[in-house]
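**Q** One line per chain: the protein sequences are A and B, in this order. Counting with my numbering, you get residues 1 to 330 for the letters of the first sequence. Counting with my numbering, you get residues 1 to 336 for the letters of the second sequence.
Calculated directly from the structure, the hints in this document are not laboratory data. Be aware that a few hints might be false.
Claimed, not checked - Just so you have them, the derived chain B footprint on chain A, three or more residues with Cβ under 8 Å:
| # | region |
| --- | --- |
| 1 | 35–47 |
| 2 | 72–80 |
| 3 | 89–96 |
| 4 | 261–269 |
| 5 | 307–319 |
Stated by the list, open to error - Quick list of in silico lysine to any residue cross-link-like pairs, SDA-like style, CA-CA up to 25 Å:
| # | chain 1 | residue 1 | chain 2 | residue 2 |
| --- | --- | --- | --- | --- |
| 6 | B | 270 | A | 304 |
| 7 | A | 141 | B | 160 |
| 8 | A | 34 | B | 270 |
| 9 | A | 244 | A | 304 |
| 10 | A | 34 | B | 38 |
| 11 | A | 47 | B | 160 |
| 12 | A | 246 | A | 287 |
| 13 | A | 157 | A | 99 |
| 14 | A | 47 | B | 142 |
| 15 | A | 34 | B | 160 |
| 16 | A | 319 | A | 303 |
| 17 | A | 47 | B | 132 |
To be verified - Non-contacting residues of chain A with respect to chain B, defined by C-beta distances greater than 12 Å in every case (computed):
| # | residue |
| --- | --- |
| 18 | 100 |
| 19 | 125 |
| 20 | 184 |
| 21 | 240 |
| 22 | 293 |
| 23 | 302 |
All C-beta atoms in this analysis are idealised placements derived from N, C-alpha and C, irrespective of residue type, glycine included.
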Amino acid sequence: MRPISTALSAPLLACLLLSPAGADVRRPTVNDKKAPEGRQDLEVIQKHLLETLPASRKATVCIDLGEGSGSGVVISPDGLILTAAHVTGGVGKEFTVVFEDGRKVKAESLGLVASSDCAMAKITEEGTWPHVEVDREDSSKLGDWVYSLGHSGGFDKERGVVVRLGRLVQVKDDTVQSDCSLIGGDSGGPLFDLTGKLIGIHSRVDGSLQVNMHVPVREFLKNWDGMLKSEFIGEGPFAKKPEKGKGFLGVGTEPRPEGGLNVDKVGRESPAEKAGLKKGDVLLKMDGIELTTKEQFQDLLKEKAPDDRVALELLREGKTETLTLRLGER
Amino acid sequence: MNAKRFLPAALLLATAVPLPSAQTLEATYRMTGPAVHASFESVRQVLQSSSAVIQRGRKEIVYGTVVSPDGHILTKASELGDIEGLSVTVGDKTYEAPVKLAEDPAWDVALLKIEASGLVPVSLDSDAAEPERGVWVVANGATSKTRRRSQIGIIAATAREIEPAGGAVLGVTIEEKSKKLMITEVHEKSGAEAAGVEVGDRILAAAGQTVEDREALGKIVGKLRVGEDLDLKVERKGKPIDLKVRLAGRADLFGEEMTRNDMMSGRVSKRRSGFPRVIQHDVIGNAATMGGPLLDLDGRCLGMNIARATRCETFAIPAAELRGLAERMIAQSAGR
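Next up, chain A with everything else stripped away, as it sits in the complex (with noise of 0.2 Å):
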C-alpha cells in the first residue's frame, strides 16, 4: 500500500532543495522555531505552499452524498481515499467523487472507525489517480506548519480547492486541532504538513472560529487493516452500526423438492433485482451454505445487516453461477 515513486519525485525534488544540507529533508526547519523570525521563515512557509499545493489539490475530492457534500483525499494511485466516518456514514456505500477539474468517478466506501471518525473509500473505476503521501512515521508535532484543504460548502470548479494556512495548536492521541478554519463541506478533507504530506482528516469544528479539529493519521494506521477490510469498527458518535436483521434482499421463494429454492418474486428496484436476480432462477447456496428451506434461507439472512455482501449460488439454464450483492435496509 506503498505509494509509487513516479508521483513523489517531485515534492522530494522540492523538499531537497528547500531543505539546508544534512538537515531533515523532511522537516522544514521553521516548524522548529516558536514563531517565524522574520521575513525569510514567511517567505520559507509561502514557498512550501506554492510548491506542494499544486499535488495536494489535484488529489483532494468532493464526495458527493446527494443530499450535501463532504471532502476525501485520495492517497493510492489505484483510488483508495481517506476521508471522515460521519461523511461515508456507513460500509458499502455508493457514491461519486468529483477531482477538482470537474472529473467524477465513482467510489464505494470501505471501513471506518465510528469512535474517532476515520473512514476509507476506494474508486471503483479503472485508472491511476493524483495521490497524496501519508505521513506514515507521523512525525508532525504541536506548533507545526500546517494547510487544510477542502470542497467547502460543496464543489465549485470555479473557485477550485479551497486552502488555508494555520497551525497545530493542540495535539491528542485521537485528535488535533489547528486554526485552520474550517467550514461544513471540508469535512473529511486532508491536513497537510508544509512538505505535502498527509497528518489528518478534518473532523469537526467548535463556535469559535479558530477551533477546528482533524483526525491525526496515526488514528487511521491504527485501524489500517480493519478498514482495508471493510470492518465497522467502535461504537459512535460519527456513524451508526447497521442493525442485524435489517438487511433485504428482495426475493420471494418457493422450496424445490431436489434440493435449493426456486425464486417465484424478485421486487422492484430491490438488490435482488439490481443483481440481476431473476424469477425462475434456483437458489443453491449462500455464503457457501446450502439452502433447504425457507426458513433456514431467512434465519441466514437475519444475521445480515444492510450493505452486508452476500454470495449466492444459483442455478439458471442448467448452469450454476454466483452472484455476489449487497443487501439494501429493510
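Chain A is fixed; fit chain B onto it per the hints.
**A** For chain B alone, kept in the frame of chain A given last:
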C-alpha cells in the same frame, strides 16, 4: 543550530516521560497571535498609514483604503449607514465630517473624502498578476485609537465572479392577468421604490422590449447584474412613463435563510454576494473589518476587503479592478 542541540533532549523526553495527554500551543504563537504577527511589522506599518478606521462615536463601523494623498478613501458602502456623525482615523489623526462623493452599487464601494493632505495612498499595481493560492496576505485586524493591528492569512481560492445570491431583482411584486403585468407591491429600499415605481403601474416594456408575462421580464432581468440599471416603461393612469430602476440582489433586499454553515460563521457581511470579481483569502474577520486594504509581504495592495462571506471565506476586490474603480469614482466626483 538550535534544533541540533535540542534534538537529544527531545528524544530523551519522548522515551523517558510519557507525553502529556494534551499539548496546547499558547495563544501568542497561533495565527491570530502577536508573536506570529511580529514578523509582519513592516506590512502593519502600511496599514498604519494607508488604512482608515471609520467610526460612529466610539464604535468601529468599517475600515477604509486610502487612495489619494488629499483624502480620498474607498470603503464598503453597505456598512456605512448614515454618513452624518461618522469620523475617519488615518494614522493617529482623526478627521470629522467625511463627505460621501460617490457610490458604486455593483461593487458595494463608497468613495469618501476627508479634509487631509499628505496621506500615503496604497500602492496599487494594476499590472501585477493576481496572487495565487498560498501567497501571504495581511489585512486590518482590531485597532486602537492610535495603532492599527494586522491579521494574517493566505490567498485561498481562484479569483472569480460571485453571483448575487438569489439573483438580481427590481424589488416589486407583480400580478399577471390577461397579458398584463400589474405591480401590486413596491418593496421598501428597493431600486423600484427609488425610481418611483408605484402600485398599480402596468409594466409595458423592459430594456426596450415589450413584455407581457413574467417569463419575458424574468429573462431580461436575469441577464443583468446587481447595481445595473434597467429601463422600464410603465403605464400609469393611461399614460406611459419611462423609469430607470437599479437592480438589487434578492438576498440583500429580502434577507436570506440562515444555513448551517452561516450558523458557524459568526458576524458575516450583510452584502456578501454579487461582485463582478473577487480574490478569496482566509484572514479571520467580521462584517466590521471589511473595507481595508489587502496587502502582500512587500506592503503592496492586492485589493480591498469587500465581504466576510463565511467562517472560512473573505472576499477582496482585486487590485486592477480597485484601481479602475478609484480612478473612475474620483474623476466622476471631480466632474460634478
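**Q** Under the constraints set out in the numbered hints, which ones does this structure not fulfil?
**A** Failing hints, ascending: 2, 3, 4, 5, 6, 7, 8, 14, 15, 16, 18 and 20.
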